[in-house]
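Letter by letter, the chains look like this.
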Amino acid sequence: MTAPGLPGLPGLPGLSGVRVRAAGADDAFPGARPRWVALPGSVDEMAAVMRASAAHDLAVVPLGGGTKRLWGGLPARCDVVVGTERLDQVIEHATGDLVVRVQAGVAMEALAEALAAKGQELALDVPVPGTTVGGLLATAIAGPRRFRYGTARDLLIGITVVLSDGTIARAGGKVVKNVAGYDLGKLFTGSYGTLGVIADATFRLQPLPATRAWVTLDLDAQGSPDRLGGLVAAVAASTQEPAAIELDWPGPERGAPSLAVLVEGAAAAERALAVRDLMGAGARVGDEPPPWWGRLPSAGRSGPMGHPGGGLLLEIRAAPSRLPGVVPDIAAAARRTGTEAAVRGSIAAGVLHVAVDGERAVDGERAAEFVTMLRSRIEVARDGGVDGRVVMLTSPEAVPPAAASDPWGQESTRRELLRRELMLRVKERFDPGHRMSPGRFAGGIR
Amino acid sequence: MSTVDRLAARLGELFPADALITDPVRLRTYECDGLTYHRATPGVVVLPESAEQVAAVVKLCDEHGVPFVARGSGTGLSGGALPRTDGVLIVTSRMRRILEIDIPNRRVVAEPGVTNLAITEAVRDQGYYYAPDPSSQQICSIGGNVAENSGGAHCLKYGFTVNHVIAVEIVTPDGEIVTLSEQDPGFDLLGTFIGSEGTLGITTEITVRLSRTPEAVTTLLAAFADIEGGGRAVSAVISAGVVPAAIEMMDALAIEAAEAAVDCRYPAGAGAVLIVELDGPGAEVTHQFAAVERICRDSGAFEIRVAASAEERAAIWKGRKSAFAAVGRISPAYIVQDGVVPRTSLPGVLAGIDRLQEEFGIRVANVFHAGDGNLHPLVLFDDAVPGEGERAEDVSGRILDLCVEHGGSITGEHGVGVDKAKFMPRMFSEDDLDTMQLVRCAFDPRNLSNPGKIFPTPRLCGEVPGVRRGVHPLVESGLAEQF
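Protein chains in written order, with UniProt numbering: chain A, 1 to 446; chain B, 1 to 483.
Any given hint could turn out to be false.
Stated by the list, open to error - One side only, chain A facing chain B, incomplete, derived with CB under 7 Å:
hint, residue
1, Glu113
2, Arg153
3, Ser321
4, Phe430
Calculated from the structure, these hints are not laboratory results.
For glycine and all other residues, C-beta sits at the position ideal for the given N, C-alpha and C.
Make a model of the complete structure from these sequences and hints.
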């Protein structure tokens, strides 16, 4: 069962057609070093890899572009990385149906280019360059236009997955309207590789907007949360159908907050003027986005997010009206922990991202302290609390394993414990051997 | 005494007499939902008023191993709320309070028995509405909408229930109350639960996201000599980059029925009518309307009417909205079908339906959400003629085959329920269905929550998932080795 050149490898090298190489130092996760990298070129090859892994009780971590390999929890165990780089084909672009079926390894930029050639787009903004279709789905990351179009789960209409035992399963289809069977696409979207590997996906598309216009407004650095909240509410309630409403605040030391609104589609320029009037003096209309648009925030000297030595990146989720009031809490937590924090996000859709760094790259202890402080303010439901969530998307690798720094937040109430129990039961059914990305995901999923 | 009778006696200790129905005559009121040819008298009906009461009933069912079925307004068209004679029917009609209206966050929190339209009515004055609009919206419940992931004429632009619900409180099949919210980290159990047709638990509270009432709405009716002309117009509208709120089409037989029923006065001699509704910012609608009107003319429309007021809009929609019931005027009986095809396959599928009509001597009236390829063929028959009902059912099933052959779906919005469970293997492989069953087994290992719906042959959850017998096809084909 072993193959020449790769001594000691059970099974995998014998798979006809599947490219397998020995994993190197670059393939390692902090705390878990895989032995092989398998690069299937088809869904059947992927199934063969999964069957071989099952037969030898090997832990599997799926990997697309690798841009978010250090997001979420780190794998507790990894024997095989299943890379999707050879699954790089657009399977079918049915232009007349505004539908595309695409393999998981296709980069979102490449997909956008192929669709744009036919005057169409997948209305999902990708905040991390190099993200693949599979990686986007697995992490459920979204950008500014989530306000208008929702996130990946809202635009996904069909999926093919390979389970830990090699079963190939499809759900949904290639029509936009379809309620036949359970929607496994939603279950897999945001599941961080813990239920199986995504092989291909089918999305509903939109016509490329004829025109786009941005309305931006710089806010007073000392501006009150009430003013920010009022502005966001007014624009969100506008009948001009803004596609996105974004807040950017580089941090107390580095500049004042600003708000930017995207209006797109027919008569965008005219509608943008109406939005400008709503936003009041100082608002201006342009046909280019602000330089920070659609990218995650960064702070201080942090390296690229999601790399060792990189900073702490949080996602705060709460009812939109509560988010303006959270911004001062972020500033306070930064002051208390001696760090710098930058905030950016889709404030009208209830999501803000926070990047944290200090003079030196933020260490694990301070990161944990920062998160604990924010959670004590935001994850409170009683007495009119914010009732939001603070998720650690990625963090310096040395975050102490205290409960406070569970990347996915705390389960404090009986209901939340029951929800966690449901998740564990789903995981148990899909991956009874606990071999799919063990340790990466929320709620104690192993 | 049967198990369900023993359970009914226990329910009698928990619920006042008026919240429990055991009288055989009154039980029969609940023997079917909107799909009346599947009937079963429930063992007992209970009318809870709170999540805690629902949980108490479900816990008892779990203890006794008795199946339960949830029912909202009973308007479903796939037998999803068909009761079990050996089970409990949990009716949510007494849970109809709107609990919270939160305009700053564009949210409404409602109990499951609240009607779809009541949510819109509660916020209309403030300039908002709830977007999914199934045609039964005046009476269907929001809890039922969650179970079925209901759509409506306007989901082409706005999506379905799942795109507008941000949290649900559910009672799990083991009787626990759990909240599934879009903001919680972890698996998207909310998205997985919505559309699971009551097989993963019962919804007891729903938080929906509201939409802003559009600044402008324009509705246009275009009459064509034949269905091909209408089809060309639909394709051209979509290709032009316009996403209308709705594009609806009716063929000659459907128009004839609507005229007979509601006197909608569509243009005489039309072989097909198209209703196109645009909504959004005034500037955008004006711009797009000009394009749509031109496209309709270029595609051969011989008459175009534009609604200049809400009354005129209602007049245009009247024929379309009455179409299902209207065919009762031209046929003693009919089957409402619900299939989906890729929009570009519409002409091929309609031609196929024509061939079926000829082959079986059965008439089919076509009404459809043309923008998203969702067909509602109405298969007409006379139940007094021996054998015609069976022929109609045959035609109805073959229409679904046509949809699947063209890459479509066996249901776009009515759900699988009990009616289409047998069609699921035409669309999905055994592995696909087994994988879906993993979800059910996680939520409902004892198969008590609305059993017999969606899946043709439910697998016992005790079985180890993924065990194969015999040689795997991949091994056989030499693609892989078995280890």
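How the hints compare with the structure:
{"no.": "1", "hint": "Glu113", "result": "18 Å, violated"}
{"no.": "2", "hint": "Arg153", "result": "5 Å, holds"}
{"no.": "3", "hint": "Ser321", "result": "4 Å, holds"}
{"no.": "4", "hint": "Phe430", "result": "6 Å, holds"}
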